[in-house]
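Once you have looked at the hints, place chain B on chain A.
Number of protein chains: 2
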Amino acid sequence: MSHPLRTLIEAADRAITAEDFDAVTEFYADDATLVVKPGLNVSGKPAIRRAFEAIAAHFNHSLKVGQGDMVVLEGADTALVLMESTLDAVAENGADASTVRRATFVFRKDADGRWLCVIDNSYGTDLIGAV
Amino acid sequence: MSHPLRTLIEAADRAITAEDFDAVTEFYADDATLVVKPGLNVSGKPAIRRAFEAIAAHFNHSLKVGQGDMVVLEGADTALVLMESTLDAVAENGADASTVRRATFVFRKDADGRWLCVIDNSYGTDLIGAV
Numbered sequence: 001m002s003h004p005l006r007t008l009i010e011a012a013d014r015a016i017t018a019e020d021f022d023a024v025t026e027f028y029a030d031d032a033t034l035v036v037k038p039g040l041n042v043s044g045k046p047a048i049r050r051a052f053e054a055i056a057a058h059f060n061h062s063l064k065v066g067q068g069d070m071v072v073l074e075g076a077d078t079a080l081v082l083m084e085s086t087l088d089a090v091a092e093n094g095a096d097a098s099t100v101r102r103a104t105f106v107f108r109k110d111a112d113g114r115w116l117c118v119i120d121n122s123y124g125t126d127l128i129g130a131v
Numbered sequence: 001m002s003h004p005l006r007t008l009i010e011a012a013d014r015a016i017t018a019e020d021f022d023a024v025t026e027f028y029a030d031d032a033t034l035v036v037k038p039g040l041n042v043s044g045k046p047a048i049r050r051a052f053e054a055i056a057a058h059f060n061h062s063l064k065v066g067q068g069d070m071v072v073l074e075g076a077d078t079a080l081v082l083m084e085s086t087l088d089a090v091a092e093n094g095a096d097a098s099t100v101r102r103a104t105f106v107f108r109k110d111a112d113g114r115w116l117c118v119i120d121n122s123y124g125t126d127l128i129g130a131v
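So the protein sequences, as listed, match chains A and B.
For the first sequence, the residue numbers in my numbering are 1 to 131.
For the second sequence, the residue numbers in my numbering are 1 to 131.
One chain only, chain A, in its complex shape (with noise of 0.2 Å):
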C-alpha cells in the first residue's frame, strides 16, 4: 500500500497538470512557502496560487507533473518528502522544457490529523549554492 502523502501528492500533481487553482492550494497550510524558482519564495495561499498561475502561463498551458521514487520521513508529526519531480512541458519558444527534479517537501499534520505542505521546494539540495 503507498504512503497517504503519495496519495496526496499525486492529487495535487492532478490538480496542477489540470490548472485547477482552488484544488491545488487546498493542499497547503494558510502561511506555507513555495520554492517558485531559486531565489524566489512566495508564502500564504494567494501568493502560492497566483505563483502556480504564472508557471502555467509560463509553460504556455503545456505542464504535467509526475512522480517517481519516493522516500518519506516522519518525526514529531512532521514528515519531509524526498521525490523524483517528473515536469512535462513546452516553453514559450516552443523548445522541450521537461526534467526531473530530486524535489524536497515537508508536511505538518494539522489538529484533524490531515496533512498540510509548508513547505514545497521542488529544487530539493540543487538551491545550495544557487541562493
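Please keep in mind that the hints were generated in silico from the structure rather than gathered at the bench.
Hints are supplied without guarantee of correctness; some may be wrong.
A pair counts as met if it fits within one copy or between any two copies, since identical chains are not told apart.
Quick list of in silico lysine to aspartate or glutamate cross-link-like pairs, DMTMM-like style, CA-CA up to 20 Å [unchecked claim]:
(1) Lys-45 / Glu-74
(2) Lys-37 / Glu-74
(3) Lys-37 / Asp-69
(4) Lys-109 / Asp-31
(5) Lys-45 / Glu-19
(6) Lys-64 / Asp-20
(7) Lys-109 / Glu-74
(8) Lys-109 / Asp-30
(9) Lys-45 / Asp-88
(10) Lys-109 / Asp-77
(11) Lys-45 / Asp-110
(12) Lys-109 / Glu-19
(13) Lys-64 / Glu-53
Relative to the frame of chain A, chain B by itself:
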C-alpha cells in the same frame, strides 16, 4: 548576520565532534527522527543518543562535523535546512572516510519559540533510490 539555525547547527556539530551526547540530544524534539544510514532510521532522544554513540565508535572517535553552504526555507513555524555537511573521519581499517553530504534537516519552533530538530537526514535526496 547568519541565520539562528546556522548558529544552532554549528553548536550541534561541535557537540557531536566533542562526543557530548547529552548536549547533542538537546537539539532534538522528543519524537524526532534521525537517518543513521540509508534504510535505518531511529526516533526519540534515547535511540538518537545511542545512534550517535555507535557512529562515534564506528569512526574510532575521529569524527569531526563541519558546515558549508546553507539555505533555510521557512513556512508555518517549520524550517527546511539544506546544507553542505562535511564529515572528516578515519574508518576502522584506517582509511580516510571523509565526505561531503548535501543534508536536509527539518526544524520546528516550539511554544517558547525555540527551534528543535524533528527530522535529521544528512543524506538529503541521495536517499531516493537508496532505500
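Next item on the list: Give me the numbers of the hints this structure contradicts, sorted from smallest to largest.
Entry: 9 and 12
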